[in-house]
Amino acid sequence: MSVKTLTIDGRPVTGRAGETIFNVAWDNGIRIPRLCHVGGLTDVGACRLCLVEIEGQNRLAAACLTPVEEGMVVRTQTDRLREHRRLLVELLLAERNHVCSVCVMNGACELQDLAAELGVDHVRLRYLHPKLEVDTSHERFGMDHNRCVLCTRCVRVCDEVEGAHTKDVAGRGTLSRIIHDLDQPWGESDTCTGCGKCVHVCPTGALFTKGKSVMEMIKDRRFLKYIVTARERRQWILQEEK
Amino acid sequence: MPDSTTAAPPSVRDNREKMLERAMSRHQYSGDALIEVLHAAQELYGYLSPPLLRMIARKLKLPPSRVLGVATFYHFFSLKPKGEHFFQVCTGTACYVAGAPALIEVLERRCCKSGATSPDGKVTVQAVRCIGSCGLAPAVIYDGRILARVTPDQLNQELDRIGVP
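Going down the list, the protein sequences come from chains A and B. By this note's numbering, the letter at position 100 of the first sequence is numbered 100, and the numbering carries on one by one without gaps. By this note's numbering, the letter at position 35 of the second sequence is numbered 35, and the numbering carries on one by one without gaps.
Just chain B, same shape as in the assembly (with noise of 0.2 Å):
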């Protein structure tokens, strides 16, 4: 039964690994930090990855389930990698009525279904509730920064220069 997994992602070579250890010795490697601790390893990693999980679970000595209970319960916590950018697409009422549903077609028809990757890796698409942004819409979090008023045209010319077809 004892886990036989002993490190975090092999792909792991730089000093993200510590930055996590330091989040968790932060709290003591209290369980009760887990939401804590699971969002500096979603900032550090970009998403969770089983080994990741696995890994907490065991620092914080809880169990696997319940650390992947905690992370598939909130949105802000991604289970798979995120593409090169990131498009969050507010769909608050204010931005909704001022014409998120013609970014979300944009971004659906040329990249991906709202809340998965694009194939080639390069864009994730996510609708999102309101941001508290309601003066900018219809706003958009591209790769952490709120753009305003965002037509379809200028959505366009964004997917144009980050060379999506």
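Only chain A is shown next, with the shape it has when bound in the complex (with noise of 0.2 Å):
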């Protein structure tokens, strides 16, 4: 297995063939921000917020999804990355109902917690405040589309490790929406399983299990991990969050 040796904000650090940027960065202790990303689903680039820039190339490059290459020079953390990703977070949080204060995930929310870091604490842009569905039509857990970032979490867990596919994406542009099956009520689908995997993956609020009031929702996705190398290598560890 060959190695790639490359230079991450100043730091040399290496990674296998293959592995991304991402991957190499957070093990080496190096945070770059995320939303889409979980460790043991297939990567999608769809939230842009790991961009980064890579000497030499003109183009930003989505951390999660670009291999290391030897002798490569990222940055993480400029100016321009920065003004970039506050850009991203202020659009996704108007453009749907985002209320901290009377949501279950305040104070445990990745969108949250990235605005803060990013020091969002105002949205330049008009909030679309689009009329949006609560389901609550299932037994255990519920779906707030107004909270939702379309980040896919849910569509790939649901597909690659429960293997059930209930869920995916309808519509396209600012009309996309997480559906279950044929548009039905999440409680009549046919297909779900009740297994709560896409719960724990949501980074905000717009999965929850019922029951839960403002800032009570836990969510834990060590499971993810331990599946997964459960799946692939034969071995049972828990893992730390990652």
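Simulated from the structure, these hints should not be mistaken for lab results. Just so it is clear, the structure is predicted and the values come from calculations on it, not from any experiment. All residues carry an ideal CB built from backbone N, CA and C; glycine is no exception. Incorrect hints may have been included.
[To be verified] To give an idea of the interface, some chain A residues facing chain B are shown, with a C-beta separation under 7 Å as derived from the structure:
| hint | residue |
| --- | --- |
| 1 | GLY171 |
| 2 | ARG172 |
| 3 | LEU182 |
Fit the two chains together into the complex; they arrive one by one in their own frames, and the hints show the way.
What follows is the structure, encoded as structure tokens:
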């Protein structure tokens, strides 16, 4: 297995051939922001928050989809990147109705954390205020489309790990939304196994366990690595959350 | 969990079912042929009903959510039945400049909003992007035929002829 040596934020690091910049950075304690990436699932490069600068390339690259190469010089924290990320978070906040004060995930939300980290104290864009549903037809879980950022983690975990592919994305543009089967209420889905994996990978309060009030929802996605390593290597290791 | 629906919509007693079956078998019932199969279904039935989508999902061995996801992504596919007559007004730049907004205004005033079907099921109106016939601007595709240099008067006459109040 060949090893690649590169520089990330001025630090010399090494990664295996085929590994992404994102994974090598995180393994070395360099935290690149992300919303759609989650270890154990296929990367789609949807959120663009992990964009990084690579020396010699004019275009920004999504760290979660770019394999490391020998001699690469990567920068993950520059003024230009911070401004891009800030705008991305503002766009996400303006697109739907993210009201933290009444959210089950307040205090544990990845979108909220990102906004805080990037210093988003206000949104410079006009809010769209779409009228969206809250689907509470499922016995144990609920889906609040107002808080969905369309990262598709739930779609991928349902397809790749649970294997049910109950969820998918319907529509396009601002009308895109997560659906269950043929756009049925979640509780009437024929394929949903009720495993709850989607709920725990969701970065925001869009998917939640019923009965949780403001700030009460705690998500734990250590199960994901556990299942994936078990499946791939026949080893059952409960890892720390990445 | 298994799907309880076993056949195409009950209203279908003609050979459309067979033709759709043929379209699927031409692609060896491959999931990769989903778009082609949806095209065939749309052409045959005029719209994609939930039982039809369910049947396609089962035959191509695809999750229903994926099938609906694809069907809702492309504007070509319609999930609701179309009216007896179908007006597609080109709103490309050339047609827009040549007077497409006035044509849409006539249709929306007399029939229904663009993208919808009139309550009596007579007319479906759709505003479409450039259809590539800029020399005929403003152009309207009326039940599959292209009408060139359409005026609001012509449109009104045609609506009168097909009995739109």
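These are the hints, each one checked on the structure:
The interface hint given for GLY171/A is met, as the beta carbon of that residue sits about 5 Å from the closest beta carbon of chain B, less than 7 Å. For the restraint placing ARG172/A at the interface with chain B, the shortest Cβ-Cβ distance is roughly 5 Å, inside the 7 Å limit, so the hint holds. Hint status for LEU182/A relative to chain B: holds, with the closest Cβ pair at about 5 Å, below 7 Å.
Taken one by one, the earlier hints all hold for this structure without exception.
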